[in-house]
Amino acid sequence: MKYVKLPKENLDAFVENLKTHGKVYGPVKIGEYYSFQEINNSKEMSLEYSRTMIPPKKFFLKLKERLFTFNEEKGEYKETLEEEKIVVFGIHPCDINALKLMDKIYIDETPDKYYKMRRENAVIVGYGCHPDEYCFCHSLGTNYAADGFDLFLHELKDGFFVRVGSDKGNAIVSEISELIKDVEGSDIEEFRAAERKREKEYTLELNIRGITDMLALAYESEVWKEYADKCFGCGSCNLVCPTCRCYDVVDNVNLNLKSGERLRRLDSCMLRKHGLVAGGLNFRPTRIERLRNRFNCKGSLREDTLNCVGCGRCTVYCPSQIDYVEVLKKVRGEL
Amino acid sequence: MMENVLLPKLAKIVKSEKMTAIERFLQVEVLDKKFAEVFDYQPGQFIEVSIMGVGEAPISTCSIRTKKGVIDLCVRNVGRVTNAIHHLNIGSLIGIRGPYGNGFPMEEMEGSNLLLVAGGLGVAPLRSVLQYALKNRAKYKDITVFYGIRTYDTMLFRDEFYNLLAEGDKLGCKFYLSYEDSKDKQCISLEAEHSERCMCGVVTKLFERIKLSPEDTYAIICGPPIMYRFVVQELTKKQVPPEKIYMTLERRMKCGIGKCGHCIIGDGTSIKYVCKDGPVFTYWDALHTKGMI
Amino acid sequence: MSREIVVEHLARVEGHGRIEVTVEGEKVKDVKMGILEGPRFFEAFIEGVKYDKVPDVMRRICAICTAAHSLASIRAIEKAFKVEVTPQTKLLRDLLIHGEMIESHALHVFMLALPDYLGYPDAISMVDKYAKEVKAALQLKKAGNMVHILLSGREVHGMNERVGGISTIPEEQDLLAIRKAMEGSKATAELAVKLFTTIDVPDFAQSENALMALDPGKKFGYIGDYVLISNGERRRVEEYRELTNEKVVKHAHAKHSSYKDSPFMVGALPRICLCKDKLYGTAKELFKEYEDKLDHRNSLNNNLAQAIELVHSVDRCIEDIDELLSNGLEKEGLVEIEPRESSAVGAVEAPRGILYHNYSFDENGCITKANVITPTAMNCANIEKDCRVAVERLVAEGKKNLEEPLELIARAYDPCISCSVHLVKVKFL
Amino acid sequence: MILNLEDELLDLLSNLDVKSFIMASSAHEETDLDVAFVEGSVSTEEGLERLKDIRKRSKILIAIGDCAVWGCVQAMRNQEMSMKERMRKVYDKEENFYDVLEPKGLSAYVDVDLEIPGCPIDKIEFLNAVLSLLHGDLPEVKDYPVCVECKLNEYQCLLVEKGMPCLGPIIVAGCNALCPGLGVDCIGCRGPIRDETNAAEELNVLKEKGYDEKYIKNRLKFFGANFGEIAKLSKMLEKKQPGKGGK
Ligand SMILES: Cc1cc2nc3c(=O)[nH]c(=O)nc-3n(C[C@H](O)[C@H](O)[C@H](O)COP(=O)(O)OP(=O)(O)OC[C@H]3O[C@@H](n4cnc5c(N)ncnc54)[C@H](O)[C@@H]3O)c2cc1C
Ligand code: SF4
Ligand code: SF4
Ligand code: SF4
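Protein chains in written order, with our numbering: chain A, 10 to 344; chain B, 434 to 726; chain C, 1161 to 1589; chain D, 2 to 248.
In case anyone wonders, no lab produced these hints; they're calculated from the structure. Each hint can be trusted.
Below, a list of computed lysine to aspartate or glutamate pairs in the DMTMM-like style, where the Cα atoms sit at most 20 Å apart:
(1) D/Lys233 with A/Asp238
(2) A/Lys282 with D/Glu141
(3) A/Lys38 with C/Glu1490
(4) A/Lys122 with B/Glu436
(5) A/Lys87 with B/Glu436
(6) A/Lys239 with D/Glu197
(7) B/Lys442 with A/Glu88
(8) A/Lys239 with D/Asp196
(9) D/Lys240 with C/Glu1207
(10) B/Lys442 with A/Glu81
(11) D/Lys236 with C/Glu1207
(12) B/Lys442 with A/Glu270
(13) A/Lys38 with C/Glu1492
(14) B/Lys709 with A/Asp117
(15) A/Lys38 with D/Glu162
(16) A/Lys282 with D/Asp144
(17) A/Lys234 with D/Glu230
(18) A/Lys125 with B/Glu436
(19) A/Lys38 with C/Glu1331
(20) C/Lys1491 with A/Glu53
(21) C/Lys1192 with D/Glu47
(22) A/Lys282 with D/Asp114
(23) A/Lys73 with D/Glu141
(24) B/Lys603 with B/Asp575
(25) A/Lys234 with D/Asp196
(26) A/Lys239 with D/Glu162
(27) D/Lys163 with A/Glu142
Partial list, computed: chain D residues near chain B (C-beta under 8 Å):
(28) His136
(29) Gly137
(30) Asp138
If you're wondering where the values come from, they're calculated on a predicted model, not measured in any experiment. Where is the CB? At the ideal position from N, CA and C, for every residue including glycine.
Produce the complete structure using the sequences and hints provided.
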């Protein structure tokens, strides 16, 4: 890895440079919440943000989008995907790790063109964060992004300790050579100390050892009923999750009844229709089954990590305050 | 230019025949010549059929490929897309994507007996298995087919199976038929004609008629969800090992390629996508993946 | 010999109504305008509801003048709790009510009233011959709707106008888009005036009309706290009970109003006639030009008055937008509210006339009593009066087909039956 | 709301053979229908007869609007205030001289093939439904809560972040989360989700946020009074002491 230092006063010039690589998006405070929005300069961003409600997956697997148009008369399907270069500034490690999980599915296996193209057209600038009481990423090992970014900024007293994670990142760094400095011993020491301190800031623990078995063994547990009674089946947990990726598709016809478009939108396994098959049979007719399915899906092993990066969003944004970690503790019989 | 797997390819309906009150046989031909050349599929695989303005539905191929770019489908009218398919005319355009899914392991099963158990519409994917095995007859030992129907009216591929009932042994397969409605006149007369091979009852009753050698038999099942449990019970009783029992599953799916998440089943220890890890699974998969059958 | 004339389904009228006239010889024995939609009892079920959502429920009295209802309701609540809203809020609300007027009048003038005069069953069948006009009218209506959508949230029952202010302040570019649409539709509004001044408006219903309209202050408009009456009186809206004197009548789900024992009219014609001095700009010029055609004794002239209001409202929207933009849009929140035990009346001019909302609250801000009087309810008795006059005159002339003229009268008032259904609670006489 | 489709109205109507649309036209025929769109709640005996007649004459009957689906706001005091009481409050008379019934949606009386909810209906949803019908399919119905659309639009959650009494979690989507998008908490004008709505939890959540039971009960009943679970809850709450009706 290559390391450089960006002095604080050069942040804006850095953002200016990033604009030449595409539209720059960063965490912005709107009302009481944070959202990745297009920005013009670094002052519009709230880099000390806790978490955005909608994770940065929205740039790649859009919340809703048109897949293509069709025309029966002409007999054609027409792709309407447009290339757009973007820079996403200030992504936290958990979200970077979540994107890596998404990549496995959306790029490594039968690539989804929409996702893949947008990933290739994006510059990812990571940003170091501090946990709040909902973060449990350190339990999942996702509190640090070892890769999956082009540049990663860690705050120092007078600047940013920058990790250069890719060719693309390196190209950017060489374009702004007059804005950056070499890292010095004191910077490294400061970075190390900050990371040590950050490790100690975590207050929420989730024991994931053997979690897959624990979930399988709790298949008939009362826990599901207890929480299903609280659950609205509103899907918020899935929609804000950086690793959830279910989608739904609908066709809309135009007034001429001959042409139209196919749309896709993020879906949620907490919704009733998700488990429906032909004949009206539903494999997950009740909220109990749907809630259990969600936790099993999140808690299944993919390589060495779960389908969860510990960002805490599903707990924060559940209108009925169902606590993800609490449920898994109950599954284990700890509570 | 990268391929967009979600963009359907155009195909034309070349044949559309009513088979029963709710099922229709369709033959479609892909328009793009280059695509037709490479387009091939295995028994047990499926394609996503798109109807403009309505949506997509996964449909199994019900034959092996005989002509380049041509696919046979058998569609039951149960909802929006399938209803629209039923109302298409010859010459209508549809979209197709695929083939998807793992299909049946035809090579792994070489050298063994095959037992095909089909219920209702489940006979559609098994028909392609049968065609494949008969085409490669030498590679397999005994081929036995159980087909369960409710009434004569619901029987699919009637002429073809009627023929197998009568002449099957000559063509290299033992074909058995069961029917559920004991008052069905046509079935009763079929039974009278072929009492050896046709009987009244659920499909599992046919197990009374044969002897199974569990050590070299693969069972392949397809039918309504409830059928699986009973057939598997029967096979387990006869000592067929779980990993040699194959079945094909059905879930709602929007993509067919392991993205949309609708067909995910299982628990923490084993999560499967029906579309890409299946739709063909062994009974062993079902034993350790909760919620599969 | 007595005969009955029944206009069964009043077509092209919001809601389900009917007119029944009994004629004996040359004399009219009875006229009944019946409103047959089920009564909905808004005033009864709103009791106990906390003020914050009262406008949202009460606006559902009517899908056409939805903003008028919400604003009347909001004004009553704000008066009760002594809330002073910001100048920006006042301007935005003024814009909203003018937008609603455009939307409603454009629909009524072009789509519902005009077919009568041109001899078509509806506007759709006019398309062949009047394609350009019908399309332009739809565009004008759409311009009004744009205001609704932007300020209220959607065409019908939006929720953006709140007690204490406006929840989401519109963006500059959206206001500019509306301004553009209004500029583009000015000619259509003027066309409406032209159409109705060239048409021969029958005078079979001509008779003395008492009129009432809200006093908009210096400039012609639709919001006010005083009522102007054609006899020269000016009364506070708080006195609305004496001004309306509602009575339950058996044949309709609406009550009938009277003032000093005679029916009266509210709506565009009364507004134009009572506030003619407050008109300005193009609307004033047009009024001057056609003043002779705006005889207040012929209710059928209501359509022309609506057309002039269309012109005024289009100009006023532009004026309001310009003022908003020159002041600069402020993302201000809602004014804090402290509920208290109190009661108040809020009134606005709905497209069809004055609309009163009157509430009493307990100390927590929950409704203890509610009373709503809608313009159509006030107009009912006047419609019956007009029908009576018309039938007598037409029968004397030996006319056989009376259904059409009666429908013409009813429609001129643009009665909104779905809202007249909810009735008002007044002392029974 | 249908008349608000200014851009699409003329094209749309050219595809249909409208037999009766009293609100917009005088032409009107009483014949057999392929599709009948029925608006309004059943609140008089006469209305009920008319509805039954329309049902007999139509292949597909579609309830449009919250009135026709759930009975809308006028049903708010159902099971709580008798019709007599309502008559007395509004007309100062008790006799039921109008033959009024407790307002209910159509499905309380006849089979309904499709419901397009909302007060008002969403014109895009309506348009898509008509287009689907013209295209020969039954439209897709939404059966998930407003929260889904709220999230898909990335609107701030008013319930979670501001403690506003939003009914989004129990109300059927289709409005594209209009009100939360404006910063106004959902009052439920599209009605609850059949067989899915968890009204008891909404009560718990709002109570936790500091609203009292009377306030919550009124809110749940604005558009949901005829929904079984809400009717049950409100009965239970009525037995208790009245609250302040607020926070
Ligand atoms: C791998 C695989 C292979 C398959 N092979 C075949 C095959 O060879 N032949 C075949 O016929 N089928 C096959 N199927 C099944 C077929 O895919 C489904 O029948 C099809 O997806 C149904 O789609 P649809 O749009 O017609 O139904 P949908 O409209 O999606 O309806 C599906 C079910 O949902 C219910 N439903 C839908 N909309 C509503 C609503 N508005 N209200 C209430 N309920 C509703 C219906 O009752 C219906 O049963 C296969 C499925 C899979 C997964
Ligand atoms: S499951 Fe919850 S904590 Fe885990 S990644 Fe998803 S939203 Fe974050
Ligand atoms: S966010 Fe909460 S209430 Fe909504 S579906 Fe998820 S667990 Fe249930
Ligand atoms: S604001 Fe309301 S509708 Fe939106 S997510 Fe929150 S609770 Fe749901």
